[in-house]
Every structure is written in C-alpha cells, then in structure tokens.
Amino acid sequence: MNGKRGRPQRAPNSGGHRRDPLWVAALLHRISGLALAAFLPLHFLVFALVLKSEAALEGFLRWTKNPAVKLAEMGLVFLLTLHLLGGIRILLLENLPWFAGHKQLVAGALLTASMLALVFLVRAA
Amino acid sequence: MNVRLYVLQRVSAAVMAPLLLIHLGVIFYASNRGLSAADLLARTRGSLLWGAFYATFVVAAATHAAIGVRVVASEWTRWHGAALERLMWACGLLLVALGLTAVAAVVLV
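Chains A and B supply the protein sequences, listed in that same order. For the first sequence, our numbering assigns the number 1 to the initial residue and increments by one for each residue that follows. For the second sequence, our numbering assigns the number 126 to the initial residue and increments by one for each residue that follows.
Worth flagging that the hints you see were computed from the coordinates, not collected in a lab. Incorrect hints may appear among the rest.
[Said to hold, decoys possible] Have a look at the derived ranges for each label pair, beta carbon to beta carbon:
| # | chain 1 | residue 1 | chain 2 | residue 2 | range |
| --- | --- | --- | --- | --- | --- |
| 1 | A | Asn-95 | B | Ser-161 | 39 to 45 Å |
| 2 | B | His-205 | A | Lys-70 | 39 to 45 Å |
| 3 | A | Arg-123 | B | Trp-214 | 35 to 41 Å |
| 4 | A | Ile-31 | B | Ile-147 | 33 to 39 Å |
| 5 | B | Ile-147 | A | Ala-107 | 23 to 29 Å |
Note that beta-carbon positions come from the ideal geometry of N, C-alpha and C, so glycine has one too.
With the rest of the complex left out, here is chain B (with noise of 0.2 Å):
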C-alpha cells in the first residue's frame, strides 16, 4: 500500500469513528421503537442534516472498505498491481453508487 492509501485509509477511519457512534445510538434507539419505514423516512426527508451525515458516511465507508479489500486481498491472495487496483476501484465505486443512491431514496424521495 502507498502512503497516499495509507493516509486515505486512516483519514477516513478518523472520520467514520464519530459518525460510527452516532449510528450504533440510531440502531439501538430504532430497535427498542421497533424501525418502521414512516418513521425512518419521518426522520430522514428532506432532512439536509441527515443528507449530508448519511452522504459523509458513505463516501468514507467505501473509500476505508475498498482500501481495505485491497491490503486484505494483497495479504491472502497472489493479485497483485494492476488487478489489486482494479478490485478497489470496482469495490469503492460500486458502495458510492450503491450508496448515495440509498442515501438519495431516503432523503429526496
């Protein structure tokens, strides 16, 4: 791994921690209430807030998952250069896409 990776690696760690707890505390309230989509949508649409922290999550998360596929696949497996970028790459936009279109339905829709 690079130093750029490493860095992108851990900035984005660093990041996710706080939104991380935040989300752990959303779980547990959700599942004590019993999460049902009016109120997961109550909370969320046209929420900028939630928009923009859900929006961070994501972008960090498939920034640190594909970076992390990557060193776990250059440790177990023979891939290495260009295919090892190839998998990060597929891997990192793939949870964007996903993602900010997950992000998208719950807050825009």
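With the rest of the complex left out, here is chain A (with noise of 0.2 Å):
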C-alpha cells in the first residue's frame, strides 16, 4: 500500500525498522554493553589477585599470553571501542542540534573497532 507521497508504508511489526542501521547500532551498543558489563568482574578479580600474592598475578599474566586469550582480548578490543564511539555518537546526538550522517558514524564506528582490535592482536602477538 502506498501513502500519499508514493512511499511504502510498513505495516506494524513489520520489522522492516531492524535493518535499518541505526536500530542496528542501538542493538549493538546494547550487546557490546552487556558483554563488557559481564566481563567486569572479572577483570576486577584478576587485579584482586594481588592480595594473594604478587606470584598469583603474574602467573595468569603468563596465561594470558595464550593465542586463544589473546583472540578473546582482541574481542574485548572491540566490544570496548564499539561502545565507546556508539556512545560518544549518542551523546553528540542528544546534546547537539541534528545532523545528518549517523549512519556514516555508525560505519565509522564499526570501521575503527575493527582496525583497532586487528592493530591489538596483530602487537600483542
């Protein structure tokens, strides 16, 4: 059915909104939230190592240095820029006047997450 500009109208629930890239980014902002909100305690308890003994934290440093640990950190690489730059861009948008191009910032965004975490892996190896 089209409107009275000639535009197809979704219907309700179509889902059609999900591909459009900036619900895509909000569902990815929400993710990249999450899995970094999970991995938090982890990452405080492995520094709370320390209290046992200095040894405790090196010895999983050491561990650390395993390929499969650093691929997860490279992850991490990514989860915390994407978040980083999705949120900067949430902020512009809330605080300035509109302007056009979020989506291209969305495609920024992914863009440096990903050259980011490829630059980390690539000196952490």
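Each of the two chains sits in its own frame; use the hints to bring them together as a complex.
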C-alpha cells in the first residue's frame, strides 16, 4: 500500500526497522554493553589477585599470553571501542542539533573498532 | 527509566569517555611490551594519581553498567518495578565492591 507521497508504508511490527543501520547500532550498543558489564567482575578479580600474592597475578598474566586468550582480548578491544564510539555518538545526538551523517558515524565506529582490534592483535602477537 | 537515572547514565558516560581513551592507550602500550605484574605494579603502587584515576573509572563504570543493565532488562525481559531496581543495585554494588578492591590491591598493597 502506498501513502500520499508514494512511499511504501510498513505494516506495524513488520520488522522492517530492524534493517535500519541506526537500529542495528542501538542493538550493538546494548550487546557490547552487556558483554562488557559481564566481563568487568572477572577483570576486577584478576587484579585483586595481588591481595593473594604478586606471583598469583604474574601467573595469570603469563596464562593470558595464550593465543586463544589474545583472540578473546581482541574481541574485548573491539567491544570496548565500539561501545565507546557508539556512546559518544549518542551524546552528540542528544546534546547537539540534529545533523545528517549518523549512519556514516555508525559505519565509522564499526570500522575503527575493527581496525583497533586488529592492530591490538598484531602488536600483542 | 526516570530522569535521575537518565542523567546519571549520561554523566557517567561523559566522565568515562576520556578515561576509556587513556585506558585504551595503556592497553595498547602494555600489549606491545608484554604485560608483567612487576611492570603493572611499578606503575600503580603508591600512586595517588593512578589510584584516583581507577577509582573514578570504577565508580563511573559501575554506575553506567548498572543503569544500562536495568535498561536492557526492562526492554528484553518482563521484569519491571522493584525487580529492576534490585537488579540495578545488585549489579552496581557488586561492581563497585570488586572494582575498588582491585584498585586498592594494585595501589595500596
């Protein structure tokens, strides 16, 4: 069915909005935020190992040199960068006058997060 | 989400943004050198500056994460009212307690 301006109108709950890059960005922001929130307690517990002994922390840090752990850390760098840049976009969106280009900002955030994660892996390898 | 939580979520995000950039810088610096406990503790032990940096980071991250988890739970689950409040406070207090313990461990011990 076409509206007055000839644009196809979506039926309610058709799910078409889920193809919008800004909806995908909101979803990715939530997923990355949840993943980081789940990771934080483990991150803190690692540094609390110092309370046991410095050697306990050293032993854990040696274990993180495992390639599988480096890959997981690369994923964390990706999620952290994506969440940071996505959050900055939201702050800009809410505090500045509307400007075109938010979809490009989302694409830029994804690209930057991917690049930084790869650079991290290359440096850490 | 009420206005108080909305503002807290945005303020904690604004506080964390520069701290996260510094944290990412430290992660990249450490990844190149190969992180050791001795290197890490040499930087943080007895440092008021790093202690304040990480304590601020922990409180902002715990606030931001707790409110964020509450938002996602309200959107993706049937939880509402007091259950959401309990989830948010549990998440926030757990992160503050573990985070400040970790900061104390690397700065004070």
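Checked hints:
1. Asn-95(A) and Ser-161(B) have their C-beta atoms about 42 Å apart, which keeps the hinted 39 to 45 Å range intact.
2. As the Cβ distance of His-205(B) to Lys-70(A) is approximately 41 Å, the hint placing it in 39 to 45 Å holds.
3. As the Cβ distance of Arg-123(A) to Trp-214(B) is approximately 39 Å, the hint placing it in 35 to 41 Å holds.
4. Between Ile-31(A) and Ile-147(B) the C-beta distance comes to about 25 Å, which lies outside the given range of 33 to 39 Å.
5. The supplied range of 23 to 29 Å is met by Ile-147(B) and Ala-107(A), whose beta-carbon atoms lie about 26 Å from each other.
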